[in-house]
Amino acid sequence: MNPAEFRLEGISKIFGDHAVLSDVSLDFKFGQHTAIIGPSGCGKTTLLRLLAGLDAPTGGEVLLGDQLLSASGHILVPPHARHIGLVFQDLALWPNLSALDNVVLGLPGLRHARSRVRAQALDALERCGILDLANARPGRLSGGQQQRVAIARAIAVRPKFLLLDEPFAGLDLVTKDALFDQIAGLCRALGSTVILVTHDPAEVAQLCERVVVLESGQVVEAGRLGELLQAPQSSLLRRFKAHQQA
Amino acid sequence: MRFFPLAVLLGLRAWGGFAPSWAQAAAVHGVPLSRYLGRVAAPLLGPSAMASVLLVALLASSDVSTVLLLHPPGQPSLPLTIFTVMANAPEAWTAALCLIYVLAVMVVLGMVRFGLGRWSG
Chain A
1 MNPAEFRLEG
11 ISKIFGDHAV
21 LSDVSLDFKF
31 GQHTAIIGPS
41 GCGKTTLLRL
51 LAGLDAPTGG
61 EVLLGDQLLS
71 ASGHILVPPH
81 ARHIGLVFQD
91 LALWPNLSAL
101 DNVVLGLPGL
111 RHARSRVRAQ
121 ALDALERCGI
131 LDLANARPGR
141 LSGGQQQRVA
151 IARAIAVRPK
161 FLLLDEPFAG
171 LDLVTKDALF
181 DQIAGLCRAL
191 GSTVILVTHD
201 PAEVAQLCER
211 VVVLESGQVV
221 EAGRLGELLQ
231 APQSSLLRRF
241 KAHQQA
Chain B
1 MRFFPLAVLL
11 GLRAWGGFAP
21 SWAQAAAVHG
31 VPLSRYLGRV
41 AAPLLGPSAM
51 ASVLLVALLA
61 SSDVSTVLLL
71 HPPGQPSLPL
81 TIFTVMANAP
91 EAWTAALCLI
101 YVLAVMVVLG
111 MVRFGLGRWS
121 G
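Top to bottom, those sequences are chains A and B. Here our numbering is used: position 169 in the first sequence is 169, and no number is missing along the way. Here our numbering is used: position 98 in the second sequence is 98, and no number is missing along the way.
Take these hints with a grain of salt, some might be off.
[What the hints assert, rightly or not] Beta-carbon label-pair distances, calculated as ranges:
| id | chain 1 | residue 1 | chain 2 | residue 2 | range |
| --- | --- | --- | --- | --- | --- |
| 1 | B | A49 | A | D23 | 42 to 52 angstroms |
| 2 | A | G139 | B | P20 | 15 to 25 angstroms |
| 3 | B | M106 | A | G129 | 36 to 46 angstroms |
| 4 | A | D27 | B | L109 | 57 to 67 angstroms |
| 5 | A | A169 | B | L58 | 39 to 49 angstroms |
It should be emphasised that the hints constitute simulated quantities derived from the structure, not laboratory data. Note that the structure is a prediction, hence the values are computed from the model and not measured. All C-beta atoms in this analysis are idealised placements derived from N, C-alpha and C, irrespective of residue type, glycine included.
Using the sequences provided together with the hints, build the complete structure.
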């Protein structure tokens with residue numbers, strides 16, 4: 001498998017009689033951090049779940065390099081074989097396990113020796129600056145610390161693509177900025193590419209070179225944020241530009 | 001058997017408290033189902049499963065038909081003995097029994113609290 005790029009070709013996703021995504025074609029190049037933005041309910045998270053292999057598209061294909069991952073109702077390659085790390089919106093930390101065990105349990109797919117798995121997990125926690133919290137359970141950690149555990153679990157597998165599903169909602173600006181800096185540093189060090197889902201265009205500039213704007217399940221515009229803001233096509237970016245100017 | 005649906009309801013309620021994303025996170029990381037059930041699901045369901053078993057056992061043991069089914073004939077059953085004591089024994093005996101009952105409940109609650117404290121870290 002050549003993880004040079006994720007590609008979505010003619011993707012649609014229908015829940016019941018509601019089309020969440022309609023004929024979406026996109027590519028996510030390795031090395032180019034990309035943000036998917038749009039208002040609530042526009043299909044951002046659905047798109048990320050299709051990339052991750054948690055859902056199958058109703059129509060169209062998902063490819064990684066030249067390998068077909070999912071096609072029309074079928075998941076052909078399971079999530080753990082897609083070279084991805086995923087930070088969920090609710091973080092999805094297992095509450096009965098310590099921070100270290102959350103990361104360790106996420107590693108058995110690598111089939112390494114136990115000591116090596118533990119060392120790799122400790123390394124991930126150290127990279128995220130929470131080595132001293134290794135034995136704490138999620139319930140005892142602050143919001144920012146929980147985010148770091150979730151990020152540590154995601155990067156411990158050394159993913160080619162790090163998928164972030166609005167992971168910083170509810171955090172204060174200082175913590176959010178620190179996490180963005182940390183993720184940018186981690187991605188540089190590990191060679192991972194970020195695909196960030198957010199509804200806040202202000203977050204995009206901190207991490208991503210490219211932005212894809214979704215509205216009502218369709219791609220309205222895509223490109224560099226600065227260029228898109230010169231003549232925004234989407235209501236979200238128009239409003240964002242107006243706020244910036246005000 | 002009459003109380004089995006109650007145990008199932010309690011179990012389902014505990015299972016309903018599971019975030020769907022926990023299992024999805026396991027899928028993303030390739031955690032085998034058996035390992036996920038053993039390391040995450042079972043420890044989280046354990047306390048409510050134990051509570052269900054205790055509750056059903058208590059209800060069943062106080063049920064006359066269960067007692068008659070399990071108890072050897074010709075001897076007074078435990079519930080009958082308790083009712084007899086409550087109805088006919090001196091007031092001091094009944095008060096003592098009530099105190100023992102309160103203490104027993106406190107011990108059980110203390111154990112549950114200790115267990116939940118360890119579980120939540």
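Hint by hint, here is what the structure shows:
1. B:A49 <-> A:D23: 42 to 52 angstroms: Between A49 of chain B and D23 of chain A, where Cβ atoms are some 47 angstroms apart, the hint holds.
2. A:G139 <-> B:P20: 15 to 25 angstroms: holds (19 angstroms)
3. B:M106 <-> A:G129: 36 to 46 angstroms: holds (44 angstroms)
4. A:D27 <-> B:L109: 57 to 67 angstroms: 59 angstroms Cβ-Cβ, so the 57 to 67 angstroms window holds.
5. A:A169 <-> B:L58: 39 to 49 angstroms: Since the Cβ atoms of A169 of chain A and L58 of chain B sit about 44 angstroms apart, the hinted range of 39 to 49 angstroms holds.
Of the numbered hints given earlier, the model fails none.
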